[in-house]
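Protein chains: 2
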Amino acid sequence: MAKLVIGMVAFEQATNLDFTGPLEVFGKLAGCEVQICAKTRDLVACEGLSVIRPTVTFADCPQVDVLFVPGGPGQIDVMTDDETIGFVARQGQAAQWVTAVCTGSLILGAAGLLQGYRAACHWMSRDQLPLFGAEPVNQRVVFDRNRVTGGGVTAGIDFGFALAARLVGDPAARRLQLALEYAPEPPFDCGLPERADPDTVTDLLGRAAGLLERRWAASRTAADRLNQRGTGQ
Amino acid sequence: MAKLVIGMVAFEQATNLDFTGPLEVFGKLAGCEVQICAKTRDLVACEGLSVIRPTVTFADCPQVDVLFVPGGPGQIDVMTDDETIGFVARQGQAAQWVTAVCTGSLILGAAGLLQGYRAACHWMSRDQLPLFGAEPVNQRVVFDRNRVTGGGVTAGIDFGFALAARLVGDPAARRLQLALEYAPEPPFDCGLPERADPDTVTDLLGRAAGLLERRWAASRTAADRLNQRGTGQ
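Respectively, the protein sequence lines represent chains A and B.
In terms of full-length UniProt numbering, the first sequence has 51 at position 51, counting the first letter as 1, and numbering is strictly consecutive.
In terms of full-length UniProt numbering, the second sequence has 54 at position 54, counting the first letter as 1, and numbering is strictly consecutive.
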């Protein structure tokens, strides 16, 4: 039987944990083959010191069965990058599963793949989803038909196991969760704005203000382009 | 004020999530500088498709303030690799914090750095710690004086935030936990053998038997060498 191809999109200044969480899960699923897709085969520099090594270019990538898009600061430039948005739109039309984590769902949105779908996103940028006809959901992992989206950064691990269960069944997903010893114990209960103290939220939003402004601007431009293309498909 | 240098050891066939979880935290701490240390500056191929790009060679690395060692299948070869064990032993003698995640704690053990210390490890290999004079602890993150160790793979994220709180204070660690949206919701409650159903545990242990046998053999050899060196320091 042919392997299920999981195509993971890599781009400059992606957040590596958005990508590595799901990769650590997907890479260990029997019957699945991961392809890391990027503009070129050159090493992709993530935010910070991490790098991703693509296995295939957008041009050479076969139709994938599962399309995955991470987020991170680099998502802002991707929103108006025709080559990457075009790849995601093309692949997303025929993929069995169209998925993203963190602000990667905004990229799915810019590619016209979330119109009429419920979706998750990093909590700070979730309110940008309606620009693309998507309904933002305050939930760690959101399944809506074949669209699967996760919240910010670390949600990629929960997303990875949840999707793995659908791809290879519960027993294999459970076995992998035990292998990766995924029984989290966060030192603080502050991973969502509803749970963090107000000072922490205010402080973080203040520091992120410039980033969020640039993200809004990119989302507005991307939404305009999408509307000009019609459905974007 | 001089930055706190966090030295993260990279080696072939490390588990990338062991490394990337803590890196995503450490890389965003004010007043800290991460160095990725390896034998050469060449790209390090992890287990699966991930790669790590070193920033400094063992030979050129200054004394670090925080020493971090990941685990993974490649840990087995590291146990008897004089160059890597020598680097870890040297750095560990003067570092303010000596840390590891997953089977990285066995590497600390092989370097003579856990004698008389309590330590965590991946649950499948925790029982190898006594070979190095360490007391295994069934706990997600273990602080014992300046030794800080985490359980398997995903424990690196809990470890990262817990250590960050000690390095830069609670408010900054909380802010980062909110930024990385770390409010985990595992799809299953099976990340530890005590919580998983017996079939899952048996199945996984069966599949891991060969790996565990090789790991035991490497640990015995490493323990013999450590004993021959005296305290190993």
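Keep in mind the hints are simulated off the structure, nothing from the lab.
Take these hints with a grain of salt, some might be off.
When chains are identical, the list treats them as one kind, so a pair holds in a single copy or across two.
Said to hold, decoys possible - The calculated lysine to aspartate or glutamate pairs, modelled on EDC-like cross-linking and capped at a C-alpha distance of 20 Å, are:
#	residue 1	residue 2
1	Lys28	Glu12
2	Lys28	Asp203
3	Lys28	Glu47
4	Lys3	Asp224
5	Lys39	Asp82
6	Lys28	Asp65
7	Lys3	Glu83
8	Lys3	Asp127
9	Lys28	Asp144
10	Lys28	Glu135
11	Lys3	Asp42
12	Lys39	Asp197
Outcome of the hint check:
{"no.": "1", "hint": "Lys28 / Glu12", "result": "between (25 Å within a copy, 18 Å between copies)"}
{"no.": "2", "hint": "Lys28 / Asp203", "result": "between (39 Å within a copy, 15 Å between copies)"}
{"no.": "3", "hint": "Lys28 / Glu47", "result": "between (25 Å within a copy, 10 Å between copies)"}
{"no.": "4", "hint": "Lys3 / Asp224", "result": "neither (38 Å within a copy, 45 Å between copies)"}
{"no.": "5", "hint": "Lys39 / Asp82", "result": "within (11 Å within a copy, 40 Å between copies)"}
{"no.": "6", "hint": "Lys28 / Asp65", "result": "within (16 Å within a copy, 34 Å between copies)"}
{"no.": "7", "hint": "Lys3 / Glu83", "result": "neither (27 Å within a copy, 40 Å between copies)"}
{"no.": "8", "hint": "Lys3 / Asp127", "result": "neither (37 Å within a copy, 37 Å between copies)"}
{"no.": "9", "hint": "Lys28 / Asp144", "result": "neither (25 Å within a copy, 33 Å between copies)"}
{"no.": "10", "hint": "Lys28 / Glu135", "result": "neither (32 Å within a copy, 31 Å between copies)"}
{"no.": "11", "hint": "Lys3 / Asp42", "result": "neither (25 Å within a copy, 32 Å between copies)"}
{"no.": "12", "hint": "Lys39 / Asp197", "result": "neither (41 Å within a copy, 44 Å between copies)"}
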